[in-house]
Amino acid sequence: MEERGMNERIQKLRRQSLDTPARIYMERADLMTDAYQKYEGTVSVPEMRAIAFKYFMEHRHLCINDGELIVGEKGDGPQKSPTFPELCCHTLEDMRVMNDRELISFKVSDEDLKLQEEKIIPYWENRSIRHKILNEMTQEWKDCYESGIFTEFMEQRGPGHTVGSQKIYTKGFLDYKKDIQDALDKLDFLNDPEALDKQNELKAMSIACDAIMILGKRYADMARELAEKESDPVRKEELLQIAHNCDVVPAHKPETYWQAIQMYWFVHLGVTTELNPWDAYSPGRLDQHLYPFYEHDVEEGILDDEKALELLECLWVKFNNQPAPPKVGITLKESSTYTDFANINTGGITPDGRDGVNDVSYLILDCMDEMKLLQPSSNVQISRKTPQRFLKRACEISRKGWGQPAFYNTEAIVQELLNAGKSIEDARRGGTSGCVETGAFGNEAYILTGYFNLPKILEITLHNGYDPVSKKQLGLKLGNAEDFKTYDELFDAYKKQVKHFADIKIRGNNVIEKIYKEYMPAPFLSIITNDCISKGKDYNGGGARYNTTYIQGVGIGTITDSLAAIKYNVYEKQRFTMHELMEALEHNFEGYPEIYNFVTSKTPKYGNDDDYADEIMESVFDYYYQTVSGRPNVRGGAYRINMLPTTCHVYFGEVMMASPNGRLAYKPVSEGISPEKGADVHGPTAVIKSCSKMDHLRTGGTLLNQKFTPSVVAGEEGLDNMANLIRSYFNMDGHHIQFNVIDRQTLIDAQNNPEEYKDLIVRVAGYSDHFRNLSRALQDEIIARTEQSFD
Amino acid sequence: MNLPNIINIQKFSVHDGDGIRTTVFFKGCSLSCWWCHNPESQRFAPELMYNAERCTSCGRCAEVCPQHGIQEVDGQFLADRTKCDACGTCTEYCLNNAREICGRTYSICELIKEIEKDQMFYEQSGGGVTLSGGEVMLQSPEYIEALTKQLHKKGFNIAIDTCGYAPWENYERILPYVDTFLYDIKLIDPERHKKYMGQDNALILENLKKLSEAGARINLRLPLIVPVNTEDSDIQDIIRYLKENNIHIVKTNLLPYHNTGNHKYDKLGEEYKGVTFEKPSQERLEQIQNQFIAAGYTDVKIGG
Chain A
1 MEERGMNERI
11 QKLRRQSLDT
21 PARIYMERAD
31 LMTDAYQKYE
41 GTVSVPEMRA
51 IAFKYFMEHR
61 HLCINDGELI
71 VGEKGDGPQK
81 SPTFPELCCH
91 TLEDMRVMND
101 RELISFKVSD
111 EDLKLQEEKI
121 IPYWENRSIR
131 HKILNEMTQE
141 WKDCYESGIF
151 TEFMEQRGPG
161 HTVGSQKIYT
171 KGFLDYKKDI
181 QDALDKLDFL
191 NDPEALDKQN
201 ELKAMSIACD
211 AIMILGKRYA
221 DMARELAEKE
231 SDPVRKEELL
241 QIAHNCDVVP
251 AHKPETYWQA
261 IQMYWFVHLG
271 VTTELNPWDA
281 YSPGRLDQHL
291 YPFYEHDVEE
301 GILDDEKALE
311 LLECLWVKFN
321 NQPAPPKVGI
331 TLKESSTYTD
341 FANINTGGIT
351 PDGRDGVNDV
361 SYLILDCMDE
371 MKLLQPSSNV
381 QISRKTPQRF
391 LKRACEISRK
401 GWGQPAFYNT
411 EAIVQELLNA
421 GKSIEDARRG
431 GTSGCVETGA
441 FGNEAYILTG
451 YFNLPKILEI
461 TLHNGYDPVS
471 KKQLGLKLGN
481 AEDFKTYDEL
491 FDAYKKQVKH
501 FADIKIRGNN
511 VIEKIYKEYM
521 PAPFLSIITN
531 DCISKGKDYN
541 GGGARYNTTY
551 IQGVGIGTIT
561 DSLAAIKYNV
571 YEKQRFTMHE
581 LMEALEHNFE
591 GYPEIYNFVT
601 SKTPKYGNDD
611 DYADEIMESV
621 FDYYYQTVSG
631 RPNVRGGAYR
641 INMLPTTCHV
651 YFGEVMMASP
661 NGRLAYKPVS
671 EGISPEKGAD
681 VHGPTAVIKS
691 CSKMDHLRTG
701 GTLLNQKFTP
711 SVVAGEEGLD
721 NMANLIRSYF
731 NMDGHHIQFN
741 VIDRQTLIDA
751 QNNPEEYKDL
761 IVRVAGYSDH
771 FRNLSRALQD
781 EIIARTEQSF
791 D
Chain B
792 MNLPNIINIQ
802 KFSVHDGDGI
812 RTTVFFKGCS
822 LSCWWCHNPE
832 SQRFAPELMY
842 NAERCTSCGR
852 CAEVCPQHGI
862 QEVDGQFLAD
872 RTKCDACGTC
882 TEYCLNNARE
892 ICGRTYSICE
902 LIKEIEKDQM
912 FYEQSGGGVT
922 LSGGEVMLQS
932 PEYIEALTKQ
942 LHKKGFNIAI
952 DTCGYAPWEN
962 YERILPYVDT
972 FLYDIKLIDP
982 ERHKKYMGQD
992 NALILENLKK
1002 LSEAGARINL
1012 RLPLIVPVNT
1022 EDSDIQDIIR
1032 YLKENNIHIV
1042 KTNLLPYHNT
1052 GNHKYDKLGE
1062 EYKGVTFEKP
1072 SQERLEQIQN
1082 QFIAAGYTDV
1092 KIGG
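Residue numbers (this note's numbering), protein chains in the order written: chain A, 1 to 791; chain B, 792 to 1095.
Note that these hints are calculated values from the structure, not bench results. Ideal placement from N, C-alpha and C gives every residue a C-beta, glycine not left out. Relax, there's no trap hidden among the hints.
Lysine-lysine pairs mimicking DSS-like chemistry, simulated, CA-CA at most 25 Å apart:
hint, chain 1, residue 1, chain 2, residue 2
1, A, Lys167, A, Lys217
2, A, Lys472, A, Lys667
3, A, Lys602, B, Lys1055
4, A, Lys495, A, Lys693
5, A, Lys499, A, Lys514
6, A, Lys693, B, Lys904
7, A, Lys602, B, Lys904
8, B, Lys1070, B, Lys986
9, B, Lys940, B, Lys908
10, B, Lys1055, B, Lys985
11, A, Lys693, B, Lys908
12, B, Lys985, B, Lys1070
13, A, Lys392, B, Lys1092
14, A, Lys142, A, Lys517
15, A, Lys602, B, Lys908
16, A, Lys471, A, Lys496
17, A, Lys400, A, Lys12
18, A, Lys203, A, Lys253
19, B, Lys945, A, Lys693
20, B, Lys1034, B, Lys1092
21, A, Lys167, A, Lys203
Some chain B residues close to chain A (C-beta under 8 Å, calculated; not the full set):
hint, residue
22, Asn888
23, Asp909
24, Phe912
From the derived model, a few chain B residues whose C-beta atoms are all more than 12 Å from chain A:
hint, residue
25, Thr873
26, Tyr897
27, Ile899
28, Ala937
29, Ala993
30, Glu997
31, Ser1024
32, Glu1061
33, Glu1062
34, Phe1068
35, Pro1071
36, Arg1075
37, Gln1078
38, Val1091
Please model the complete structure; the sequences and the hints are all you need to start from.
Put into structure tokens, the structure is as follows:
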């Protein structure tokens, strides 16, 4: 494996981050349990959350790694992953599986197991959110969940996908405490029936401010102690500077570039140890946040580009040191990765609508290029105003083939946010987090709640509401496949089934969001999310300025091609009957080579700029949009859709028999809005055209993967081609595009010799991962994704 | 109007002219270069291509052929080319895509619609459409004139990829609409030209001269095949011809021989005559490049 990093310090820290195996960190669960045992029942729910958070910050072990300049870990060292028994109380079996499983494993010691068995399980087993959720879900919800119609995001992890606002760079937590006190003073107990709830929440926020300041103070003390013992005068000086930084932040606003990064990192640790929100916590528009500090420090003569880059590289190691919280069961399948999706949007525009690229933007690209780490997910926003130099520098990194940066369309994001009712300024400050999800950074709680299996619903439609895989009647009885005399009859039935399942999902979501609102507030996250303080409401209870609930559609390529196969072959050309098709599906096409031939290679398919198939895609998308978008959620906001899979397209394929488009049983369905594997045969411009027929601006994000062989993007012309494809797609309102530039043979070789390709990183779906950490099925799927090559 | 046959409409074509382009390959050519890597583009009529490697000898094609023109010979299902009218029925029923029909007609309207699909990409990249072949200049002159006229009116950048062997009138008719001619030159010696290309080169050289005189923008494309035209004398002949006739060249592409088209000869039931041909070494390519540069041609590129 090659050493990367600008100097020995970074190389050493990076090496440590990569060589350390992921391990469970039990101290959090232990201390949380102590705090709950001591205080539960004596204080309000929000205060209990804050007190436990503070208790953890007071008593937890700290860690300053050798040579590092930014301090703080979620656990007591790199790659230590805390557990969150108040959300999901792992069984001993869960923990053994985590330890033993080949992929995405976490080491668990006998001591950990003992603690879990004797202390954690007895206390949390029946108190955890997961327990409450499963108690409250209906049988039909459970049947659908277990059969893979949809997944549920919040049974093991908290609501999140949150991206920080710029305010932590102009305010310390002492200032936040003052804001909270002002809000408390303004409470109107005479006229506001919610005044007491607000008081409890605000008091909790105030305690959470203390908690993070305690962490800062303890780090300052520790750095000073280490400095005293340090014999190397250079390191001694660094430790004293770290101590000084921690005296300033997080209690006060940062004064320097270095302190600004340390401030972000303390906040990151606070959010990700208070609860385990999805997608950790993201710095968002880091270049714009850091630029004023950079400019000031450079002018003062205390910072140059080398130092600025080194501090960024230290931050990158910090992100990479934090594996995503351990997941089990379906949650693991839908997001099978160590990546925790902290996402940085570099570039874009400023809140007043100007080009947002600055000197720090280029430093971030240099850092990304040099570090080549899975975390953070480093991406770029490209607007019409983005300089070509910036776009081409990003393309230059992207074509190296490990999937970063991905490219997001600023104008599309802004319009999506405006369409969802945000102000123009909030929209411009926004971006995408997680994989591709749109949000108003700092102002919005936009919660992803689960994937929705669009092709599976066709399977159920064709079987009169019956699921042939789980052998349960999940859907409505609207007739067997042979009963639909026209394509329109079939499509009408499909729509009714989509509505039926969306209703079940939304009913479940409404209950789950309410459970979080009542039992699992997040006072720390609320402090730094705009409007929670002024409203006196929690992030999980509608406190943010905007509150969105997303349901993510999966498999648009598979469902489109399946409907096209039926429409074209059965109803129009009458090449075979519906009955024959159903038999072929039941037999996984074995013994039906003629039907297989027609549906796989003699039918119009999505991804070829062919209106026949693309109009079917539009009709499916439109109906899904109409069914979900705009419905009210329990936090005072609305439901919206986006189109992305993480790794869920593999799981959704595993619960399905063969599809009418020739996809074989249990194989992955299509990912994101990309065409079904092998379906696109007219090159990248045709794929982009097909994808752009979807109305991206009505979504909260879509995901398109493009794979190229190195020859297509070689040289200066190749770079221009890539940049031009991106600009063209974005001119047509495409939301996101990412590239895997790698030849097929390399991937096959890597599959056979994983040891030799330990550091091979590929783009999976909205994030990159080590190829060796992917399941065989997912590896096969990436190999099979259409390789666009035109000699 | 006689509608020409088109083999392929290639999107995201990045090696035939500037920017991202769509290249339309017309069917039919009057040269028969030994190294031709698109032999299916030589005949004007549609034809069946058969890939024996993919064929599993299931015989479905023979059953459905309306002409009863497919017979089994040693496990292969060959079409009797005197009976085959390229109707394509057998390709529909072939389970392994071993059979395909090469060549179909498009009305001008239909073709323009297809070309317009990638307009966004041409505009972004400074690309456009390339009409190639086969030999586009030997297709119905009315069709090509109407096509280029309309494309020009719609603002598309048009490149014509031609071997030069077509009546001058055909070039003259489209001169006002075409932005660039990608003009192939292979050999100056007429005897060897006739041997390897099947035709004498007088017309080709004459047309090149006239195009230059008419002020057309010309990019020279020079396929380089060992042992056909890579000697110093071959190269110097070309440079001398260009100089003596005052032919203005904007850009020169040196296109080293490749054999990726060989398998297509089998599919067409034909013999490939260029089995011993080779690609010039990188060193030799650079020498040739330098000879052009020394002669005053500044933009000389190895490759398309």
